[in-house]
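Asks: Going by the numbering used here, the sequence shown opens with residue 1, and the numbers climb by one from there.
Keep in mind that a hint or two might mislead.
Stated by the list, open to error - Keeping only pairs whose Cα atoms sit at most 35 angstroms apart, straight-line, the calculated DSBU-like set for lysine-lysine is:
| # | residue 1 | residue 2 |
| --- | --- | --- |
| 1 | K59 | K32 |
| 2 | K20 | K10 |
| 3 | K62 | K20 |
| 4 | K32 | K20 |
| 5 | K62 | K32 |
| 6 | K20 | K59 |
| 7 | K32 | K68 |
Claimed, not checked - Estimated spans, in silico, between C-beta atoms of each pair:
| # | residue 1 | residue 2 | range |
| --- | --- | --- | --- |
| 8 | I74 | G18 | 32 to 42 angstroms |
| 9 | A77 | G54 | 27 to 37 angstroms |
| 10 | N42 | E75 | 31 to 41 angstroms |
| 11 | L67 | G18 | 40 to 50 angstroms |
| 12 | Q16 | K58 | 19 to 29 angstroms |
| 13 | E75 | A43 | 51 to 61 angstroms |
Hint data in this document are derived by calculation from the structure and do not stem from the laboratory. Glycine is no exception: its CB is placed at the ideal position from the N, C-alpha and C atoms.
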Amino acid sequence: MERKMFGTAKCGHCGQIGTKIMQIEPNGAAYKQSAICCNSCNAILGVTGYYDTGTLLKKAEKERDELKQRIEGIEHAINQIGYLLQSR
Numbered sequence: 001m002e003r004k005m006f007g008t009a010k011c012g013h014c015g016q017i018g019t020k021i022m023q024i025e026p027n028g029a030a031y032k033q034s035a036i037c038c039n040s041c042n043a044i045l046g047v048t049g050y051y052d053t054g055t056l057l058k059k060a061e062k063e064r065d066e067l068k069q070r071i072e073g074i075e076h077a078i079n080q081i082g083y084l085l086q087s088r
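Take the sequences, apply the hints, and build the full model.
Replies: Now the structure itself:
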């Protein structure tokens with residue numbers, strides 16, 4: 001009796017089992033995508049986002065924190081200029 005694994009994808013094109021992930025850049029798309037493809041015939045079985053959302057979020061948070069620090073530095077400089085102008 002043949003045992004089948006749960007969640008094993010069977011290619012609808014060639015009928016073989018086994019997948020791999022390939023990076024694709026569809027024409028007219030703004031972002032790369034990851035395609036789940038058949039190991040045998042390379043038919044695309046599914047598509048998912050190329051970029052990891054968590055990584056993008058952490059990068060955006062870091063950039064936001066850096067901007068916040070720069071803004072605080074600018075505010076401090078403006079306050080010093082205002083103080084110097086008032087003391088004249």
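Asks: Which hints, by number, does the structure contradict?
Replies: Violated: hints 8, 10 and 12.
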